[in-house]
Amino acid sequence: MADTATNPVSLKRAGNFLARQGILVAFVIFMVGFALANDRFLDMDNVLGVIRSSTILGVMALGVTFVVISGNLDLSVGSMMSFATIVVLDLHDKIGPELAIPLMFVMTMSLGALIGFLVGYLKLNSLIVTLGMLSAIHGLTLTYSGGKNIDIADKEGTWFSILGQGSALGIPIPILIFLGLAALLSILLTKMPFGRKVYAVGGNGTAATFSGIRRARTVFCCYLISSFCVATAGLIQASRSMGSQNTVGQGMELEVLAAIILGGASLMGGSGTVFKTVIGVLILGFIQNGLLLIGLEFYVQYIVTWIIIILAVWLDIAAKRGRLWSPIA
Amino acid sequence: MTERIPALRLENIVKTFPGVRALNGVSFEVMPGEVHALLGENGAGKSTLMKVLGGVHQPDEGRIYVEESPAVMTNPLEAKSQGVVFIHQELSLAEEMTAAENIYLGELPRKSFGRVDWPRLRADAGAILDRLNCGFGPDQIVGELSIAKQQMVEIARALTVDAKAVIFDEPTASLTDAEKEVLFDVIRDLRTQGVGIVYISHRMEEIFRISDRISVLRDGTYRGTLITEETDEEAVTKLMIGRSLDLSRHVPEGALGGVALEVQGLSCGHLFEDVSFKVHAGEVVGFYGLVGAGRTEIAETLFGLRSPSAGQILLNGEPVRIHSPVDAISHGISLVPESRKEQGLVLGMNCRDNMTLPQVDDLTAGPFVSEGAEIAVFDQYRDRLQIKTPSWRQQVKNLSGGNQQKIVIGKWLSMRPDVLIVDEPTRGVDVGSKSEIHNLIRELAGQGYAVIVISSEMPEVLHVSDRVVAMYHGRITRTFTAAEVNEDNLVQAISGLGGGQVA
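Order-wise, the sequence lines are chains A and B. Adding 27 to a residue's 1-based position in the first sequence gives its number in our numbering. Adding 5 to a residue's 1-based position in the second sequence gives its number in our numbering.
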């Protein structure tokens, strides 16, 4: 009797666990599959390479995670990253890296502040605002650079390249920046009052207001954090390449969102963590790398990535409502 | 003359929900060409009865007859096809479309290849609109119409079938006085055309103007039917609320403290005007009135969610300006809001985080939230309010309504306010938690809190209040002491019938 009663329950529990961790499970299956298909996949060099090439995306995704948890979107991060890269490269030769870096942060974060003001205080729809900013910032970058590529003239005579190319204790600096920032932001989100407010605002903005939380200020700060991360990503990008086109971050806003969704955050707001986003970034990186290693054309990746995201989102909502399809919600 | 048979008849309807007998053998009928009013307090079973009629719920026992032939309703569309149609309080119209399209939405007349038969659509819709004397044509864009006229479209939609009975559920809730007259004309026209009309409302005055008979429900039981011409408000009121109250009346004892909150001539546009009252420390003041009387809006203004257009708020004798909930909280005002799911709780958050949300900035150790301090607050109020949850980690969406409400109350109580405003403290809460919450409110007053209770349930207001403020149309019509107030004079004061008695 006891057996027949507990079996379905424990089966259901196992099912629930799989559904909840569906993305991690899929990740493991992918990893095993790729590892069997190509023995270079799990080489230390390859693994470090993937993590390293994911850092710029990862750093951006950390900031956007705050925006998404607060119940908003940020589609402007790709062109904002281009802006940051171009600005810091240009200023490097004009005023030197010591001044160029802080000035670039101020300029990039003013753009974040503007978005935060429009979405937080004026309560405009974040999709519209940041979609508009995507295009406006692109225009701003082109105006700033005159449409030309920007290169650092004396690539050997500056310490600037350390940030993107150096390493400490055998670990590449960009990875250290990524992990350090992830740790800091994770503490901010989970251990400090501000983080609690971000979850409350995204989970139920009205209830947050009724609880005396300054909703507009909270949203504003999320965009500020997002732009700080974008500036950091731009810095790494500039330092790694020492020269750049105006379109270096183009399309990254969607990859960032994809990583966050793969990590399991809800675009409705109120859920997600820094750790989950890091996992999402790594999943995306390893999948793209794996596809490349098994010999898939680079362009095909865009399509496969999209399919993976759709599957992830579907699995996610299916897990929430307990079945694969339902007529409502 | 042929023998008249009821347009709609309900016979001995029983409906039980887990733990509640919502309908206990209710019978009800409406004759063709009759306006039959259905009255009852909130929770008396009116809406359950209507849901049974509309096929949303299936009755456990009893039958429904349309023109004396048995009918089984499984959804509102089926009810409609059998001639039973509903006009709800909330309109559900596509505002960008024309009246004709709205009237036949989902059943547009078709020609070959599924093309819409526009001439027929216009002609049919036009005929119905004429029948209602609407004063606008089938091509009118609905969004450009007043609320009352939009309601006409809703009624027209109901008349696309051969309606035997039309049920109006609180139809005047959002109408102005002039618009009401238009609606009443339509109802009278329908009556002349031989349609049976069920009219559900709280408003005595309307019921006496429009109805032929009045039936009363109380606690899910049918209490009787009165012929409107032969009765008066008092008799109806008695039938409606003269229950054996398990809620004993509150008798004030002990001295009150000083005036904690004083409101002078407070107005907020047309939502409420020239409102003045005082609340003493240790006192519970109940606000009673119909939905839309302005009670919740006063609470929201005191809590900084609305800006007053005139008037003054004094706390402990000091005039204060409250521009936001942050201000209100810092002045020691707490608000347990009307809708706990929309305004009170972040449903996906755990119990502890919900409870400590307003003070998360203060429960810190250095820059970090102190989990220990949070858990201490949660444990204290879990024990005090007897909140039943396996752990503070439980997401509040998994708790029962009563326990959710206690989380919200605990959240605001833990702020140790001077003034506690509770809006609908027991809405959607089970009976056990209800009396616990009532006891708690009295207990808080005993400890010197100044408490404002807003409620649509008269027994609740009478049970917990030291004084009762009656509101009608955004104004305070009368303030009663617990000794003065009774069901009759309170119902009068909130229906605008009290006539110039201002305290």
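Hints are supplied without guarantee of correctness; some may be wrong.
The calculated DSS-like cross-link candidates involving lysine-lysine, where the alpha carbons are at most 30 angstroms apart (straight line), are [said to hold, decoys possible]:
#: 1; chain 1: B; residue 1: K346; chain 2: A; residue 2: K218
#: 2; chain 1: A; residue 1: K303; chain 2: B; residue 2: K346
#: 3; chain 1: B; residue 1: K185; chain 2: B; residue 2: K154
#: 4; chain 1: A; residue 1: K150; chain 2: B; residue 2: K169
#: 5; chain 1: B; residue 1: K56; chain 2: B; residue 2: K439
#: 6; chain 1: B; residue 1: K243; chain 2: B; residue 2: K85
#: 7; chain 1: B; residue 1: K154; chain 2: B; residue 2: K169
#: 8; chain 1: B; residue 1: K393; chain 2: B; residue 2: K243
#: 9; chain 1: B; residue 1: K185; chain 2: B; residue 2: K243
#: 10; chain 1: A; residue 1: K150; chain 2: A; residue 2: K218
#: 11; chain 1: A; residue 1: K150; chain 2: A; residue 2: K303
#: 12; chain 1: A; residue 1: K175; chain 2: A; residue 2: K121
#: 13; chain 1: B; residue 1: K402; chain 2: A; residue 2: K150
#: 14; chain 1: B; residue 1: K283; chain 2: B; residue 2: K56
#: 15; chain 1: B; residue 1: K402; chain 2: A; residue 2: K218
#: 16; chain 1: B; residue 1: K56; chain 2: B; residue 2: K116
#: 17; chain 1: B; residue 1: K243; chain 2: B; residue 2: K154
#: 18; chain 1: A; residue 1: K218; chain 2: B; residue 2: K393
#: 19; chain 1: B; residue 1: K439; chain 2: B; residue 2: K346
#: 20; chain 1: A; residue 1: K303; chain 2: B; residue 2: K439
#: 21; chain 1: B; residue 1: K402; chain 2: B; residue 2: K56
Source of the hints: derived by calculation from the structure; they are not laboratory data.
Do the hints match the structure? See the list:
no., hint, in the structure
1, K346(B) - K218(A), "holds (26 angstroms)"
2, K303(A) - K346(B), "holds (27 angstroms)"
3, K185(B) - K154(B), "holds (11 angstroms)"
4, K150(A) - K169(B), "violated (48 angstroms)"
5, K56(B) - K439(B), "holds (25 angstroms)"
6, K243(B) - K85(B), "violated (35 angstroms)"
7, K154(B) - K169(B), "holds (23 angstroms)"
8, K393(B) - K243(B), "violated (38 angstroms)"
9, K185(B) - K243(B), "holds (27 angstroms)"
10, K150(A) - K218(A), "holds (27 angstroms)"
11, K150(A) - K303(A), "holds (28 angstroms)"
12, K175(A) - K121(A), "holds (16 angstroms)"
13, K402(B) - K150(A), "holds (27 angstroms)"
14, K283(B) - K56(B), "violated (42 angstroms)"
15, K402(B) - K218(A), "holds (23 angstroms)"
16, K56(B) - K116(B), "violated (36 angstroms)"
17, K243(B) - K154(B), "violated (35 angstroms)"
18, K218(A) - K393(B), "holds (27 angstroms)"
19, K439(B) - K346(B), "holds (17 angstroms)"
20, K303(A) - K439(B), "violated (41 angstroms)"
21, K402(B) - K56(B), "holds (25 angstroms)"
When each numbered hint is compared with the structure, violations occur for hints 4, 6, 8, 14, 16, 17, 20.
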